[in-house]
Amino acid sequence: MRALQPAPQRGLLIVNPKASTGSRRRTKWVVRQLGEVIDLTVRKTERRGHAEELARQGAEEGFDVILSLGGDGTVNEVVNGLLADVPDAESAPIFAPIPAGSTNVFARALGLPWDRRRASMAIVDALRERRTRTVSLGRVVSEKEDRLFTFCAGLGWDASVIKRVESYRKRRNIGAHYARAVMAELNEHGVEGDSIDVELSTGESDQSTGMVVVQNCAPWTYLGTLPVNLNARASFNAGLDVLILRKLDLPATTRTAASLLVGREGPDGEHAVTHHDLDGIRLRTSLPQAFQLDGDYLGERTELELSSVPGALRVAC
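Counted the way my numbering counts, the sequence shown spans residues 1 to 317.
One thing to keep in mind: the hints can contain errors.
Calculated lysine-lysine pairs in the BS3-like style (CA-CA distance at most 27 Å, straight line) [said to hold, decoys possible]:
| id | residue 1 | residue 2 |
| --- | --- | --- |
| 1 | K18 | K163 |
| 2 | K44 | K163 |
| 3 | K28 | K44 |
| 4 | K28 | K18 |
| 5 | K163 | K144 |
| 6 | K18 | K44 |
| 7 | K247 | K163 |
Rather than coming from a laboratory, the hints here were simulated on the basis of the structure. Since this is a predicted model, take the numbers as computed values, not measurements.
With the hints as constraints, model all of the structure from the sequences given.
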């Protein structure tokens, strides 16, 4: 008598059809591969915020696995949706990110290949073997939101650059976006901004003149295949890491950028200060400053409360 096989897991694939590397043919291939190992339902997003709604609905419907096909913005929405109404990671669906954006930081930080086909097959193998890992997330609370983030949050100059990058994406030239945005921001506004007061869960305090970046994992981002490490020790198995640029003038910024682009494990310079494995961070500024979460510009804020959420999410990878 043959042993009974476990019933296939029910999976929901949330597809962002506007993702920068998306195509119908590629999506069909992904759907076909996933359909070999799970009972798959596919739903497409129609607007910003829709992926979060679909993930929340999928969790309520009892899907075992919720997958995203899109970039880091889609990942952020899906994670916030599937964890919205559950007390812990074990009560939530398993998550799997299939990279289809321009950078795909979270998926690559998990060790998944950048190539969509190879990443899909790695996830198929994990689903077949029912193999998961549990990772920490970050949480940010402000006057406008209470959201989770998967890899980074930033207040100040880096968020201003990301705002420009998002306007350039309509023109497609992905590789040149960040360089163009940095140069435009330098030409129009320089680098030094209003001060940001920083309070750490350790009781320490500090101040930046225009840029603070908080990470839940490393790297901070990628330029093509090159990882850019602001907080190289940031890890899914630890608390939050933070980079504070105490002085954001052109010479200091140039030194910091150069050290990152040659592959250093973190920025050089006396004005670049990092802290590792924090429970929480509070940021305050007298004037509104640009704010980004997981690489998406979300507007301007004057105060942010950031905290680590250990063991928050189960991931198939």
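Hint by hint, here is what the structure shows:
1. K18 to K163: Given pair K18, K163 holds - Cα atoms ~18 Å apart, limit 27 Å.
2. K44 to K163: Holds, at roughly 25 Å.
3. K28 to K44: holds, 13 Å
4. K28 to K18: Given that 27 Å is the threshold and the Cα spacing comes to 15 Å, the pair holds.
5. K163 to K144: Within the cut-off at roughly 18 Å; holds.
6. K18 to K44: holds, 10 Å
7. K247 to K163: holds, 22 Å
In the structure shown, no violation is registered for any of the earlier numbered hints.
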